[in-house]
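Novice: Chains as they are written, first to last, in this note's numbering: chain A, 1 to 338; chain B, 1 to 319.
In short, the hints are calculated from the structure, not lab data. Ideal placement from N, C-alpha and C gives every residue a C-beta, glycine not left out. There may be inaccurate statements among the hints.
Looking from chain B toward chain A, a few residues come up when the C-beta cut is under 10 Å (computed) [what the hints assert, rightly or not]:
1. 151
2. 168
3. 177
From the derived model, a few chain A residues whose C-beta atoms are all more than 12 Å from chain B [what the hints assert, rightly or not]:
4. 52
5. 73
6. 75
7. 118
8. 138
9. 251
10. 269
Taking lysine-lysine and the BS3-like style, the derived pairs with C-alpha atoms no more than 30 Å apart in a straight line are [to be verified]:
11. B/83 / A/234
12. A/234 / B/12
13. B/128 / B/145
14. B/145 / B/127
15. B/87 / A/258
16. A/258 / B/83
17. B/308 / A/258
18. B/145 / A/258
19. B/127 / B/87
20. A/258 / A/6
21. B/12 / A/258
22. B/262 / A/234
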Amino acid sequence: MRHLAKYIITRTLLTIPMVLILLSIVFLVLRIMPGDPVSSMLGGHAPEKVIEQKKEELGLNEPMAVQYVSYLWQVAHLDLGESMVFKQRVTTAIADKLPATIELTACGMIITLILGVFLGAYAADRRRQVQDSMIRLYGIVIYCIPVYWLGLMLQLIFGIWLDVMPIAGRTGPRVFASTFEQTGFYLIDTLLIRDFAALKDVMIHLTLPAFTLGLTLSGIFIRLTRANMLDVLKADYIIAAEARGIRHSRIVYRHALKNAFIPILTMMGLQVALLMAGAILTETTFSWPGMGRLLLERIYLRDYPTIQGVIIVFALIVAGVSLVVDIIYAMIDPRIRY
Amino acid sequence: MNNTILDIQDLKVEFPINIGTVRAVDGVSLKLNQGEVMGLVGESGCGKSTLGFSILRLLRPPGRIASGRILYHGRDIVSMDEKEVLKLRGRRIAMIFQDPLTSLNPLFSIGRQFVETLQTHEKGINKKQAILQAESMLESLGISKERLQEFPHQMSGGMRQRIMIGMGLILNPDLLIADEPTTSLDVIVEAQFLDLLADLCRQYNLTIILITHNLGNVAQLADRITVMYGGTLAEVGLSGDIFHTPLHPYTQGLLASIPNIKLDQPELSPMEGSPPDLVNPPTGCVFHPRCPQVMDICTRQRPPAFQKNGHQVSCWLYR
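Model the full structure from these sequences, guided by the hints.
Specialist: This is how it looks when you write it as structure tokens:
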């Protein structure tokens with residue numbers, strides 16, 4: 001137990017330089033990128049004097065190093081500046097949209113994991129049988145389908161033809177915004193006030209976007225789980241467990257799956273970045289009021305501070321998830337210690 | 001005979017592969033008496049491990065038992081349904097493997113693996129009772145009971161092999177199949193482990209099948225020895241007889257190729273040739289291409305088992 005605590009502390013401390021590097025990359029990329037925030041703010045024909053004045057005001061005339069330090073200082077104080085387009089703090093805009101994205105991606109990830117890991121393990125157990133071929137075929141096909149196309153198809157089938165699912169937004173018109181004032185996570189908010197009609201409405205709205213995201217990523221997890229399970233099922237300790245008379249299903253889904261799960265977890269950590277990217281497209285397809293849509297809107301408006309803020313938040317999420325994944329990792333596998 | 005525990009009758013095991021069928025075990029008949037240690041020796045690929053795995057029906061697909069019977073206390077394991085086999089495994093017949101380093105699940109503590117084994121077979125045993133049993137088993141093997149909370153990677157190879165055998169014996173089986181249990185241990189640990197095995201054999205009235213390519217191991221422990229070659233039995237006999245008066249030319253060759261510190265051998269005499277191709281085995285006696293005393297009949301007809309001086313030997317020389 002002491003070793004595990006040591007591991008968690010070390011791993012957490014190692015996240016600090018990682019975040020620092022991420023922040024520096026965001027800073028650099030936004031300044032290398034073509035396009036001038038000031039002229040896009042004021043329009044192409046603004047007089048030179050006004051442009052200079054605005055630059056001075058935004059601190060863009062300072063040396064790069066000074067800008068960098070003040071940027072880090074701001075971020076350290078959880079201050080992401082003010083939108084250039086609207087009179088609004090960037091943090092306010094993000095706090096408004098972040099829960100929607102987290103709710104969507106978390107549900108998507110859960111669907112991916114359940115489908116991918118279970119089907120992958122089942123396919124490995126039924127290697128070279130019909131079930132295995134079907135699951136592998138599904139995995140390849142779903143992996144090749146672009147996320148937005150899948151979203152559109154699901155909308156067409158369930159929203160239009162069958163007309164059983166809503167195709168846009170987080171709630172229907174009869175659910176009031178005042179219901180969602182506590183956390184911004186609609187599933188949690190409706191549960192907190194025990195408004196089950198609203199909860200049902202929220203879940204129905206969440207279903208299609210979450211499945212769009214979840215199905216898209218499930219293919220890669222099926223393949224990964226299957227490959228790892230095949231390796232693990234060959235291990236000596238599997239046949240040794242069989243020789244002790246332990247039930248086959250228990251051997252496959254406890255002994256083998258737990259061992260196969262470590263690379264799956266790593267993959268999960270890495271896929272969070274892909275999940276975020278997928279979320280941007282899914283949110284657009286389903287008019288989901290989240291971070292992805294916010295980012296896209298503000299890119300059109302060239303609202304640099306907001307763009308920078310959203311990217312920082314995405315980067316922090318990825319860093320945070322990989323920290324959590326590594327800790328879970330160490331809790332599963334007693335051999336992983338610093 | 002009433003004290004026959006295992007009676008293998010004309011067992012054939014096949015592995016269909018791309019280029020044909022490997023006949024890994026080709027017509028083996030063997031009887032085991034209660035309480036004896038049977039050494040099963042032969043070179044790599046002669047089918048000795050496959051024979052061991054067949055007894056518990058643990059062959060990995062595509063391997064399968066093609067024909068024959070394996071009577072355990074008179075009941076045929078080959079034709080049993082899967083549920084009955086599960087009840088035998090671990091409970092009545094235990095098996096330990098070559099590599100103790102990889103035979104324990106690395107993610108479960110030793111205790112948990114003991115508890116799981118016990119709870120699988122003894123309905124109604126609770127975790128506390130299982131732990132108590134595991135503790136006393138560990139102590140009888142010379143391992144402190146605190147080790148139960150540890151994970152396999154925290155232990156040495158010899159310790160892990162003792163744990164494997166403890167896990168095998170905790171349900172009081174009467175037959176133990178040990179598949180090269182000391183191959184990955186060093187010489188000293190190996191000797192200790194064999195001593196332990198001999199003790200346990202007496203203590204539990206165990207019947208042991210000791211599968212090995214190391215004749216030294218079996219000399220120390222086995223009551224009888226079975227020599228396998230190319231999926232068939234070459235010779236079966238009492239341990240001392242096999243060592244002092246080997247009859248089969250293969251057994252003779254095997255013994256001549258072992259260095260002996262007491263004899264003043266100028267050179268070892270290695271056996272010529274290599275193990276047979278089991279997809280297309282030689283006609284007649286599988287050993288004939290390498291046999292120094294090959295006769296005409298050997299190339300045409302497979303020798304049956306002849307009885308000679310208490311040995312059972314499959315060789316035309318003893319017709």
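Novice: For each hint, tell me whether it holds in the structure or not.
Specialist: Comparing the hints with the structure gives:
1. At a threshold of 10 Å, the smallest CB-CB gap from residue 151 of chain B to chain A is about 4 Å, leaving the interface hint in force.
2. For residue 168 of chain B, the suggested interface contact is upheld, since its CB lies about 8 Å from the closest CB of chain A, less than 10 Å.
3. With 10 Å as the threshold, the beta carbon of residue 177 of chain B comes within range of chain A, its nearest partner Cβ sitting at about 8 Å, so the hint holds.
4. The Cβ of residue 52 of chain A sits about 64 Å from the closest Cβ of chain B, beyond the 12 Å cut-off, so the non-interface label holds.
5. No Cβ of chain B comes within 12 Å of the Cβ of residue 73 of chain A; the nearest lies about 45 Å off, and the non-interface call holds.
6. Remark: the non-interface label on residue 75 of chain A is consistent with the geometry, its nearest Cβ contact in chain B lying 39 Å away (cut-off 12 Å).
7. At the 12 Å boundary, the C-beta of residue 118 of chain A stays outside the reach of chain B, the nearest C-beta of that chain being 19 Å off.
8. At roughly 24 Å, the least C-beta separation between residue 138 of chain A and chain B is larger than 12 Å, which holds for a residue marked as non-interface.
9. Not every Cβ of chain B is farther than 12 Å from the Cβ of residue 251 of chain A; the closest lies at roughly 10 Å, contradicting the non-interface assignment.
10. At roughly 19 Å from the closest C-beta of chain B, the C-beta of residue 269 of chain A stays outside 12 Å, upholding its exclusion from the interface.
11. With a C-alpha separation of about 22 Å, the suggested pair residue 83 of chain B and residue 234 of chain A falls inside the 30 Å cut-off, and the hint holds.
12. Pair hint residue 234 of chain A plus residue 12 of chain B holds up; C-alpha atoms about 24 Å apart against a cutoff of 30 Å.
13. The suggested pairing of residue 128 of chain B with residue 145 of chain B holds, with an alpha-carbon distance near 14 Å, which does not exceed 30 Å.
14. The hinted pair formed by residue 145 of chain B and residue 127 of chain B meets the criterion: a straight-line CA distance of about 15 Å does not exceed 30 Å.
15. In summary, the hint linking residue 87 of chain B to residue 258 of chain A is supported, as the alpha carbons are separated by about 25 Å, within the 30 Å threshold.
16. About 25 Å separates the Cα atoms of residue 258 of chain A and residue 83 of chain B, which keeps this hinted pair within 30 Å; it holds.
17. Between the alpha carbons of residue 308 of chain B and residue 258 of chain A the distance comes to roughly 55 Å, so the proposed pair goes past 30 Å and is violated.
18. Between residue 145 of chain B and residue 258 of chain A, the direct Cα distance comes to roughly 26 Å. Compliance with the 30 Å bound is thereby established for this hinted pair.
19. Taking the CA atoms of residue 127 of chain B and residue 87 of chain B, the gap is near 20 Å; set against the 30 Å cutoff, the hint holds.
20. For the proposed pair residue 258 of chain A and residue 6 of chain A, the alpha carbon gap of about 23 Å is at most 30 Å, so the pair holds.
21. Simply put, residue 12 of chain B and residue 258 of chain A have alpha-carbon atoms about 36 Å apart, too far for the 30 Å limit, and the pair is violated.
22. Taken as a hint, the residue 262 of chain B and residue 234 of chain A pair is broken in the structure, with Cα atoms around 43 Å apart against an allowance of 30 Å.
Consistency with the previously given hints fails for numbers 9, 17, 21, 22, ordered from lowest to highest.
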